[in-house]
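Chain residues, written in single-letter form:
Number of protein chains: 2
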Amino acid sequence: MQRLSTRDGDFAAKFAAVVDDRRESASDVASAVSAILADVRARGDAVLAELTAKFDGHELDTTGWQVSAEDCKAAFDALDPDLRAALELAASRIRAYHAAQLPENRDYTDEAGVRLGAVWHAVDAAGLYVPGGRAAYPSSLLMNAIPAKVAGVGRLVVVTPTPKGEVNPLVLAAAHLAGVDEVWRVGGAHAVGALAYGTGRIAPVDVVTGPGNAWVAEAKRQLYGVVGIDMVAGPSEILVIADGANDPAHIAADLLSQAEHDPTSQSILITDDAAFADAVAGAVEDELARLATEPTARTSWNDNGVIIEVASFDEAPALANRLAAEHVEIATEDPQAIFAKIRHAGSVFLGRMTPEAVGDYVAGPNHVLPTGRRARFSSGLSVLDFMKRTSFIQLDEAALEAVGPAAVALARAEGLPAHARSISIRLEK
Amino acid sequence: MQRLSTRDGDFAAKFAAVVDDRRESASDVASAVSAILADVRARGDAVLAELTAKFDGHELDTTGWQVSAEDCKAAFDALDPDLRAALELAASRIRAYHAAQLPENRDYTDEAGVRLGAVWHAVDAAGLYVPGGRAAYPSSLLMNAIPAKVAGVGRLVVVTPTPKGEVNPLVLAAAHLAGVDEVWRVGGAHAVGALAYGTGRIAPVDVVTGPGNAWVAEAKRQLYGVVGIDMVAGPSEILVIADGANDPAHIAADLLSQAEHDPTSQSILITDDAAFADAVAGAVEDELARLATEPTARTSWNDNGVIIEVASFDEAPALANRLAAEHVEIATEDPQAIFAKIRHAGSVFLGRMTPEAVGDYVAGPNHVLPTGRRARFSSGLSVLDFMKRTSFIQLDEAALEAVGPAAVALARAEGLPAHARSISIRLEK
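In the order they appear, the protein sequences are chains A and B.
Under our numbering, residues 1 to 429 are what the first sequence spells out, in order.
Under our numbering, residues 1 to 429 are what the second sequence spells out, in order.
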């Protein structure tokens, strides 16, 4: 963890180093992934079977290619009642928030007599990658699947590796709850290729979302344009802006809630109170000592943690906008005053009683958010990632007479006579 | 041009071949582009000067790195009055249509007492690639620049190659009209790298849009994630659905308006009238004979043109949805009836007096549209490409008591104890 202060002479340089630190490993899997995708495109299911045997250690023909809807329902029914109620609360709140995102169609006629508008449609089919093992989070399945279903996607397909054939009951339960239509026991770059190109067994989809390792991320990147994808994701991060009136243990817990994700995660505190900064640093050590995820959290905090002391919170929005963090907590007396000046952030958590983790599960907004300063130009996952807009126009003769000649002039100036002709031929009497 | 009929026994296979024909050259420039981008990142302006000398044949230090605002204004003032009026009509109609796209912020408190919402902000800076030479279209500049400015982008930067130092006055005039802030005389993959990474002279931007050759497209693809980009674009295409009541010459002109773009462009006619199909095929030949762009248009029509005869227009929407074309014209008695069943299209042109070219210039909707069947999952350019959404939540103690325990249960089930702790510590009395 490093301590900075805006009062220090070298603050600008040190802060710039924090901003520029990507923390993303430049894993060189591009050519290997490219070969796998070409192979899946050419040989389909045979490649899936071979690579599943190789990487996951089971034979799909024996263990089964799909998890049935019945098995997903059985996993849901077998949940501990409290956990089932928690998943149901999360699903219903996520559904309500995303339903309000549904865009409206437009259809109007302007003063020139031109009918104009746009209609939104869901994609026909979406694929959702769900990692196997430690990072197989039911909350993540809900956050990806529910917006797709709210958007109106007819066919929602999950691919997930099942190492040694073992499934994750929580993930299956979430798939049942979210209304997933198909669950295939394949993972890795080849599973993403199967979703994009289709195979004998798996029909192709139009959009692929969901988290994954470097191979999965690279496969999505290479298939961008063949299918739509969500943003390429990097390590998680949180920026906490907190004054001295907070309980240091609360803020320490918030910082560690990101640090426990991965050694490359980053937690940053901005405060205007040096004594509070010391207290939080101490509380982090206390909290770490009791944490089951201590090794990961400690590495993240030691390597990437930052405490920045500001002379005044007036300095905070500019720093926050430079960082453009995935998560921003504002635990001050008047959080709205700072929030109003923040332009670049994935999601913002306002006030002393809004720990970021509430947003990970049950608040309603999506927890799939831009990382690595990408909040400068991209947004969290939404129903719009599963929909697309078709614009339309309709002219009658009078409208074409009104605006057509200008189009003819422009087409001729651009050296496109057939464009001009398609209009002028209709204006000839 | 090939003629198909849904009555033919081999129609399904032949139509599938049309659908699967990508027409996009798999140019292998990835490694060359990757090297250029790394070089720009490392050496900045020096690389721009070297590659501009090499590819565009002029020295930036002599010809000047930028085109001044005064020069853009002078180009605008020097326009032929009719052309200036046409550009102004186009700009004002594009501005009006895109202003209506501006998204609304949300801010509400639900029954659990959770404050929820989302705020939209423009990106700070956007870069627009404008090709040099033949494909330097002022209309394209307007279609990219105006949505950015309507979105609220503070700094809008154009990069454009000026071969032998020669600028395109129409493009400069459009840049003036659209309110572009900077015009740099650099093109190619290195110009895209300069926009994304920044150089000594050019400050980095957050989003890069605009058309370009294979090198530019590959640079954008590789930089996706460093900056936001618009969709990777392929050859233009039009699907015309027309009945026998149309003037065959009108429909022939519409088909050729796409064919003249590029030899790889595609024009497809669907009609329920065999005699009309013959008449259009004949009219295409007549129109070609008088067209200055005849060589390009003829190659496109010969190589990629398709006429599909259907038994009934009831068959048309399913075919149109398979093709998911960039442009769809519906020139029938009741175009709305067919349009209502079309789910996948970039933009739709309704009725006999709505040639697609009107939409290229003055109708208002964007002419940057998904090609190559990407309308299945993506949309035309809009103000949203230059904006991003920040979600937010705010809980008080009662709200955290209402929804927090469910989040604690889920966090524990996912093996994330610090997530759970950040909530439970606030619920301890």
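Some clues are possibly wrong.
In silico contact screen, one side only, chain B against chain A (beta carbon under 8 Å); selected entries [to be verified]: (1) ALA13; (2) ALA17; (3) VAL19; (4) PRO81; (5) HIS121; (6) PRO169; (7) ALA337; (8) ILE338; (9) PHE339; (10) LEU416; (11) ARG421.
The hints are simulated quantities; they were obtained by calculation from the structure and are not laboratory data.
Keep in mind it's a predicted model, so treat the numbers as computed, not measured.
Note that beta-carbon positions come from the ideal geometry of N, C-alpha and C, so glycine has one too.
A quick look at each hint next to the structure:
1. A distance limit of 8 Å between C-beta atoms decides the matter here; for ALA13/B the minimum to chain A is near 17 Å, and the interface restraint is violated.
2. The closest approach between the C-beta of ALA17/B and any C-beta of chain A is roughly 16 Å, which is over the 8 Å cut-off, so the hint fails.
3. Given hint, VAL19/B at the interface with chain A, is violated; its Cβ is 12 Å from that chain's nearest Cβ, farther than 8 Å.
4. For PRO81/B, the interface hint is violated, since its Cβ never comes within 8 Å of a Cβ in chain A; the closest pair sits about 10 Å apart.
5. A cut of 8 Å between beta carbons decides the hint on HIS121/B: the least distance to chain A is about 5 Å, and the hint holds.
6. Residue-level restraint check for PRO169/B is violated (minimum Cβ-Cβ distance to chain A is 10 Å; threshold 8 Å).
7. Violation of the interface hint for ALA337/B is found here, the shortest Cβ-Cβ separation to chain A being roughly 13 Å, above the 8 Å cut-off.
8. At a threshold of 8 Å, the smallest CB-CB gap from ILE338/B to chain A is about 12 Å, leaving the interface hint violated.
9. The closest approach between the C-beta of PHE339/B and any C-beta of chain A is roughly 7 Å, which is under the 8 Å cut-off, so the hint is satisfied.
10. Given the 8 Å rule on beta carbons, the hint for LEU416/B holds: about 6 Å separates it from the nearest Cβ of chain A.
11. The closest approach between the C-beta of ARG421/B and any C-beta of chain A is roughly 5 Å, which is under the 8 Å cut-off, so the hint is satisfied.
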